[in-house]
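As you go down the protein sequences, you meet chains A, B, C and D in turn. The first sequence lines up with residues 630 to 1017 when you count with my numbering. The second sequence lines up with residues 630 to 1017 when you count with my numbering. The third sequence lines up with residues -12 to 307 when you count with my numbering. The fourth sequence lines up with residues -12 to 307 when you count with my numbering.
A few chain C residues that face chain B, going by a derived Cβ cut-off under 10 Å, partial list only:
(1) 55
(2) 200
(3) 203
(4) 205
(5) 206
(6) 207
(7) 208
(8) 212
(9) 222
(10) 241
(11) 299
These aren't lab readings, by the way, just hints derived from the structure by calculation. These numbers were taken from a predicted model, which means no experiment stands behind them. Don't be surprised by glycine CBs; every beta carbon is placed ideally from N, CA and C.
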Amino acid sequence: MDLTFTEHEDAFRADARAWLEENVPRPPLPSGDTREGFALHKEWERALFDARWAVVSWPEAYGGREASLMEWLIFEEEYYRAGAPQRVTQNGIFLLAPTLFEFGTEEQRERILPKMASAEETWCQGWSEPNAGSDLAGIKSRAVRDEANGGWRLSGQKTWTTRGAFCDRLFGLFRSDPDADRHHGLTYFLVDLRAEGVTVRAVERLDGDEGFAEVFLEDVFVPDRDVLGTVHEGWRVAMATTGSERGLTLRSPGRFMAAAARLADLYRRRADDGALDSDPTVRDAVVRAWIDADAYRWQTFWIVTRLMDGGQTGPEASLVKIFWSELDVRLHETALRLLGSRAELVDGDDPAAWMKGWQFALSGPIYAGTNEIQRNVVAERVLGLPRR
Amino acid sequence: MDLTFTEHEDAFRADARAWLEENVPRPPLPSGDTREGFALHKEWERALFDARWAVVSWPEAYGGREASLMEWLIFEEEYYRAGAPQRVTQNGIFLLAPTLFEFGTEEQRERILPKMASAEETWCQGWSEPNAGSDLAGIKSRAVRDEANGGWRLSGQKTWTTRGAFCDRLFGLFRSDPDADRHHGLTYFLVDLRAEGVTVRAVERLDGDEGFAEVFLEDVFVPDRDVLGTVHEGWRVAMATTGSERGLTLRSPGRFMAAAARLADLYRRRADDGALDSDPTVRDAVVRAWIDADAYRWQTFWIVTRLMDGGQTGPEASLVKIFWSELDVRLHETALRLLGSRAELVDGDDPAAWMKGWQFALSGPIYAGTNEIQRNVVAERVLGLPRR
Amino acid sequence: MRFAFTDEQLAMRDAVRAFLEKECPAKVVRDAWTNDTGRSGLWSRLGELGVLGVLAPEARGGFGGDYLDLVLLLEETGRAALPEPVVEHAAVAVPRLDDARAEAAAAGDVTITVAPPSGLVLYADTADLVLHGDRFVEPGTLQLRRHESVDGSRRLFAIAAPPTSIHLASLDRAALGVAAQLIGLADRMLTMTVEYAKERRQFGVPIGSFQAVKHHLADVALALEFSRPLVYRAAWSIARGDDDRSVHVAMAKARASEAALRAGRVALQVHGAIGYTTEYDLHLWMKRAWALAASWGDAAWHDARVGRAILDTDRLPEEQ
Amino acid sequence: MRFAFTDEQLAMRDAVRAFLEKECPAKVVRDAWTNDTGRSGLWSRLGELGVLGVLAPEARGGFGGDYLDLVLLLEETGRAALPEPVVEHAAVAVPRLDDARAEAAAAGDVTITVAPPSGLVLYADTADLVLHGDRFVEPGTLQLRRHESVDGSRRLFAIAAPPTSIHLASLDRAALGVAAQLIGLADRMLTMTVEYAKERRQFGVPIGSFQAVKHHLADVALALEFSRPLVYRAAWSIARGDDDRSVHVAMAKARASEAALRAGRVALQVHGAIGYTTEYDLHLWMKRAWALAASWGDAAWHDARVGRAILDTDRLPEEQ
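Only chain A is shown next, with the shape it has when bound in the complex (with noise of 0.2 Å):
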């Protein structure tokens, strides 16, 4: 054990840190889940893909840097430590590239991976249905095939698209075996949202953004070279891409050891100004949100020294995703009590930040799999109980 950064991974953050110093957006970005906001994000994107900060951890060929986990883990905690704006390439770069390196083609990834990264092409994920939500076996979009033409015919709706109004492309599953039911038939079918046939409806969320999107497609066309794994196997594909949202790649560390500073900073101005003397519990709400990110820091770097040593990860992420979005809630919940009454304002500074993070967080227990059914898979499969 040796819980020191190297030497290697010490000028590896310099580095990061440098650049990000040098680089990040003063005053910060609009919310990248607007029309507006995601433009200036594509540019930010692309600062970052031109200094090779877009993606670390990918081979050089693609834009990366061949990073270690280690060093993706210590960029991350400089993003969010220089307060860096949220990556709108985040679902193609951690879920579908995954996807991508481990059952696409070599021409696939050089078609896409590059564009991917610089946000030349932006993507987003196509998994939900108004009927299949939790229940994502439930899909009932299909796809038929057309001879002819070399490719399929897709119908069908998606929902709870994130940022789908903005994006170019789709990643999704859609049903190419009627006959076959559930976690069979299904295809994995990248969509390119342009093409005719394909109809996108904003829908605004909580915090007011239009960050989700309905995408209704009538007999869209898709060529066989946007299959991404076997025909009628894309459930088997799709998992290993819902295992990484799950997993720390969705939300890693440095996000919370960030947002733990800031709710300690917020802390001290509130108690500075006698704020919080009528309040005696919430300092402790402070401090254990503070102790959470820093759980989850050792919990990451315990589980990536056991995946750099040659180790799996499987249910365990279930774990980690219900401990993330929690302590996410907890933590704006608490910053939210230390604003008190002002917690409801969304034209100050602090409090609009927080309670925009609030909302936020209010979706990580329900997206990615619900935290109930990943209390059923840490059950039943880390535990061993009984399915049912």
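Using the hints, position chains B, C and D against chain A.
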């Protein structure tokens, strides 16, 4: 609405307070869940009975005062305020008696109730069996008809029989129709524990008292006059009892008001010692316990007013059981926090009492239907969610 | 001891509920987010109905009632998420008036709001008077600066000089009124969510048949069942001038705030993504609950009030 | 950055686990409640095994190791609920010795216990020495007064003069050792309960198939998963003399205490009445967890330590 007590209620309270101050044993009796303690408690119960405080809400003919439900609550407040002993007659008075009043014959009531109230005959309940805990309908103990002697022959095993090692008689369900299953074909019997074929084995509880017993029955004869209600209809008969077991009769607010007062007193003494300077959060836990006890009191007055107006309570009893049992756990947990490293001592005064109370409190969420079952009842029968 | 409302009080509650179900559906609450006033347009009809003048003297066209006559009506305004300063006006300002202004206030011809210690005044732009400390002043005199609330219907205005002190009686009346509204909000969110859980199917069954969902909702029912009586009891204590009324109000506001916040959390979690959209109505109730739970003292602030009363003195619960 | 134990450390952990599974089954723990010493009779064998001398100098027959070599072994003593003052002896006292006493202590020829600020000394009657403040004294000099613990194997003795101050290093080593034991206790209670939930049937199915039971147990797994790394990190910080080691120990003890208390609550609730009897083994583990969670500072006490370090100064998490 009038939240003051009537002159009559105040007078009733004054009488009760005066008698209790005069008569409550000092020092407190040893635990009634031990053989010696049980004997002393029977003397106390006899004194209560002679002064007509044992069963205030019962008809005078059976030793009561025909007190109203509200007066009964007032008596309970005074009883616990005075630090009077636990009621070893509780299971008879609060669980069996309501069933006798509803389903018993005149002969049974006259034969059983006065002796029950005076503790001349003490009763324990025989619901649970090794394979019938939360799932009470899993009862396997059999009752076989003995026409010749005009009665039944009981065989089987009952478990977790509170104070079963010291009591005289047991009430419980036995399977009288072997062909019927689950809730059907059960009969409610009153069993003499001195009868031939009965073996009682004391079982030590968490707190070291022999508060539990296993009761083994081998071909035990029970005469027809000791069948309560209709043969094979025992489930319907028993449900009345489990209802009151869950409801307020088992744990009236007075008990928790007295505990909250002791907790506040403990807090003040520990705070004066400066023992709490390092724990800023325990004070709020004390306040919450106090408020919860108060909330329980007023929710009870709310329900009791409805009952006195001729209204009903049904599945709401499950809400009450969840509330008092979890309040009791939080309240004692807070006391142990206040005691810090001395909490584990079971020979000091304060610590010993609180640690014993804590261990007793831990049984609350388990017995009389686990709180998991109670939450199902609330969801299905109060909120109307589907049973599945 | 008799803890129940009179038939008259229940009848008035039913009348107000029926009125609000008809006149203040979700659409009215939603429109208040974007209209000029943030309000419902029902003010004068609430006056006619008698809601605004419950605490006004009969001689001034009021009902001459007390807080027990008002508390159930405030709970209904919470259930409907009525976007109006009804607590400030009917529960706090009106009982301090006995002149002609009482008459206008009872009739709903004027709107009176209150400047809380936070200095954030609700609906100051459309109010005719603001109760500031112990004075009624014109809004124009307060140098209003508009603020946006997470609840788009709450038009808040910072004032240059917040009141340095506020009557304890006003604070208690406001905190209790908001507590009653929080109970109504929580009850409505629970109902909405139970209905959704019965309808919404996943894995081939209604999600309401999953034990985890059942227990989430049972916990909300539990919080409601044991906070509501505290609110009614505090209303009685204010109505009768009980010496401990401030402690009773604090208990009520603390637990009602938590019940409403829990109801919102569970409602959103059980609804899932649909509840996370503004197209669905839940957020209108949830955001009101967030705002009100933190208004006039949050749970921790009121717990601390209770603590000073019960721990820094020597007393028994409900000392007789 | 490499957060993993060495193969040697894991091998030693496995050896100690195997030894305790064989030599310290539940029966040994249960007997310690009623025997003369409250102990296991395994002390000298723990010495032979090398557990007691991990922190003793090699020159004195010790392993010359550091806290990283010890922490996993302490976790195992928790898993087995080993009734011995192993934390006091091996983690606190031994590292303060380098003379002949270190040799005897490493071999398990003597037992050394520690007087905590509470003044309640564990196994003072069977100990040869007591670390009192910064001095090693004979138990006989302390005027021992026996106390009964809820955990019958914990023989506690009040002393006339508790140490007025205790070395921060000793406090940290003791708190961390107890934290490691709490992790072991929690892990064992979780395992016991999962096994029971698979076997026990009600309503025709294993109770472990009910979602409520699953979620209770998942919450225990969650608490363990995120407290264990804090314990190992604090062990590293002590081993390396990190400036923040006291904060790291506080974080570890706070969360490990809560994890063990939660494991006990859930274990009892899922077991039901059977777990509520002393004939069943669960209570031996649960009561040890109650005692240790409150020893050497409970969760709130350590949270407060962390608070002083992070809130009364200006710093970032893990400032680089």
